[in-house]
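As given, the protein sequences belong to chains A and B, one line each in that order.
Note that the working numbering has the first sequence beginning at 1, numbered continuously upward.
Note that the working numbering has the second sequence beginning at 1, numbered continuously upward.
Everything labelled a hint here was simulated from the structure, so no lab data went into it.
Backbone N, C-alpha and C fix where the C-beta goes; we use that ideal spot for every residue, glycine too.
Where hints are given, some of them may not hold.
Quick list of in silico lysine-lysine cross-link-like pairs, BS3-like style, CA-CA up to 27 angstroms [to be verified]:
{"#": "1", "chain 1": "B", "residue 1": "K53", "chain 2": "B", "residue 2": "K3"}
{"#": "2", "chain 1": "B", "residue 1": "K59", "chain 2": "A", "residue 2": "K54"}
{"#": "3", "chain 1": "A", "residue 1": "K101", "chain 2": "B", "residue 2": "K57"}
{"#": "4", "chain 1": "B", "residue 1": "K62", "chain 2": "B", "residue 2": "K107"}
{"#": "5", "chain 1": "A", "residue 1": "K101", "chain 2": "B", "residue 2": "K107"}
{"#": "6", "chain 1": "A", "residue 1": "K54", "chain 2": "B", "residue 2": "K78"}
{"#": "7", "chain 1": "A", "residue 1": "K101", "chain 2": "B", "residue 2": "K59"}
{"#": "8", "chain 1": "B", "residue 1": "K107", "chain 2": "B", "residue 2": "K59"}
{"#": "9", "chain 1": "B", "residue 1": "K78", "chain 2": "B", "residue 2": "K107"}
{"#": "10", "chain 1": "A", "residue 1": "K101", "chain 2": "A", "residue 2": "K66"}
{"#": "11", "chain 1": "B", "residue 1": "K3", "chain 2": "A", "residue 2": "K54"}
{"#": "12", "chain 1": "A", "residue 1": "K54", "chain 2": "A", "residue 2": "K101"}
{"#": "13", "chain 1": "A", "residue 1": "K54", "chain 2": "B", "residue 2": "K53"}
Incomplete in silico selection of chain A near chain B, CB under 8 angstroms [claimed, not checked]:
{"#": "14", "residue": "T27"}
{"#": "15", "residue": "N30"}
{"#": "16", "residue": "S31"}
{"#": "17", "residue": "Q33"}
{"#": "18", "residue": "Y36"}
{"#": "19", "residue": "P39"}
{"#": "20", "residue": "G41"}
{"#": "21", "residue": "S42"}
{"#": "22", "residue": "L43"}
{"#": "23", "residue": "Y48"}
{"#": "24", "residue": "L59"}
{"#": "25", "residue": "G93"}
{"#": "26", "residue": "N95"}
{"#": "27", "residue": "K96"}
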Amino acid sequence: GQQVQQSPTSLVLQEGENAELQCNFSTSLNSMQWFYQRPGGSLISVFYNPSGTKQSGRLTSTTVIKERRSSLHISSSQITDSGTYLCAMADSGYNKLTFGKGTVLLVSP
Amino acid sequence: GPKVLQIPSHQIIDMGQMVTLNCDPVSNHLYFYWYKQILGQQMEFLVNFYNGKVMEKSKLFKDQFSVERPDGSYFTLKIQPTALEDSAVYFCASSLSGTNTEVFFGKGTRLTVV
């Protein structure tokens, strides 16, 4: 089955530094999303980005279909950015998303 | 943005009892999903549902699990009987179409089986 590899597993930054999170897929994709999961567990959609580049505030996502990868760039990180970032993809069939194991981000003062 | 509501946020139940998790999907969405996340582990697909039918299910979707959406009301996940290994956070999700579209997730129901 399809696999989703996220890197790094964890990342520690000082406030104001930038972060680059990567997601690699083992199969071609027709849908992918980035999520932020709070320490309490709730899931927040960050980007739906099956191809190309999208930006929202300090967050930018770039998906390159041919290379089967997507990245999430966080600029000028803030303490409130701390949490787990998950990527997920669907290759076929009814939006059955396969999730990565996540990148745990800790932003310290 | 569109919201998927899950009720309750937490539930504790005795092993062997039945539990029903409720989900209020985005109002015009047609496809519905359940995902399971054991504490500290990966989010995993359980089942998807369209037009009154299960379209796909994973190996995690045991015989004790069932889903339905009677008369366009709540989309439910029923577990009967529950087992200790069913303890997890269950996320409901919905989407407008079945492919190439954003999937919207609820905040999850934390189920603890004791």
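Tested hints:
Under the criterion of a C-alpha separation no larger than 27 angstroms, the hint pairing K53/B with K3/B is consistent with the structure, at around 23 angstroms. This hinted pair does not check out: K59/B and K54/A have alpha carbons roughly 35 angstroms apart, beyond 27 angstroms. Pair hint K101/A plus K57/B holds up; C-alpha atoms about 21 angstroms apart against a cutoff of 27 angstroms. Proposed proximity of K62/B and K107/B is supported: the alpha carbons are some 23 angstroms apart, at most 27 angstroms.
Of the pairs offered as hints, the one joining K101/A and K107/B holds, with about 18 angstroms between alpha carbons and a cut-off of 27 angstroms not exceeded. For the suggested pair K54/A and K78/B, the alpha carbons sit about 38 angstroms apart, so the restraint of at most 27 angstroms is broken. Restraint check for K101/A and K59/B: the C-alpha separation of about 19 angstroms stays at or below 27 angstroms, so the hint holds. Between the alpha carbons of K107/B and K59/B the distance comes to roughly 23 angstroms, so the proposed pair stays at or under 27 angstroms and holds.
Restraint check for K78/B and K107/B: satisfied, since their Cα atoms lie roughly 18 angstroms apart, inside the 27 angstroms limit. At roughly 22 angstroms between alpha-carbon atoms, K101/A and K66/A fall within 27 angstroms of each other, so this suggested pair holds. Of the supplied pair hints, the one linking K3/B and K54/A holds, its CA atoms being roughly 22 angstroms apart against a limit of 27 angstroms. Among the hinted pairs, K54/A with K101/A is consistent with the structure: their alpha-carbon atoms are about 23 angstroms apart, no more than 27 angstroms.
With a CA separation close to 35 angstroms, the supplied pair K54/A and K53/B exceeds the 27 angstroms bound. Interface hint at T27/A: violated, since its Cβ lies 15 angstroms from the closest Cβ of chain B, which is beyond the 8 angstroms cut-off. With a least beta-carbon distance of about 5 angstroms to chain B, the hint placing N30/A at the interface is held under the 8 angstroms criterion. At its closest, the beta carbon of S31/A sits 6 angstroms from a beta carbon of chain B; the interface hint therefore holds under the 8 angstroms criterion.
Using the Cβ-Cβ criterion of 8 angstroms, the hint placing Q33/A at the interface with chain B is satisfied: the shortest such distance is roughly 7 angstroms. For Y36/A, the interface hint is violated, the least distance from its beta-carbon to any beta-carbon of chain B being 11 angstroms, above 8 angstroms. For P39/A, the interface hint is violated, the least distance from its beta-carbon to any beta-carbon of chain B being 12 angstroms, above 8 angstroms. Nearest Cβ of chain B to the Cβ of G41/A: about 5 angstroms, under the 8 angstroms cut. The hint holds.
For S42/A, the interface hint holds, the least distance from its beta-carbon to any beta-carbon of chain B being 4 angstroms, beneath 8 angstroms. The interface hint given for L43/A is met, as the beta carbon of that residue sits about 5 angstroms from the closest beta carbon of chain B, less than 8 angstroms. Interface hint at Y48/A: satisfied, since its Cβ lies 4 angstroms from the closest Cβ of chain B, which is below the 8 angstroms cut-off. Because the closest C-beta pair between L59/A and chain B is about 15 angstroms apart, greater than 8 angstroms, the hint is violated.
Residue-level restraint check for G93/A holds (minimum Cβ-Cβ distance to chain B is 6 angstroms; threshold 8 angstroms). Of the supplied interface hints, the one on N95/A holds, with its beta-carbon coming within about 5 angstroms of a beta-carbon of chain B, less than 8 angstroms. With its C-beta approaching chain B no nearer than about 5 angstroms, K96/A sits inside the 8 angstroms limit, and its interface hint holds.
Taken one by one, the earlier hints fail for this structure at numbers 2, 6, 13, 14, 18, 19, 24, listed in ascending order.
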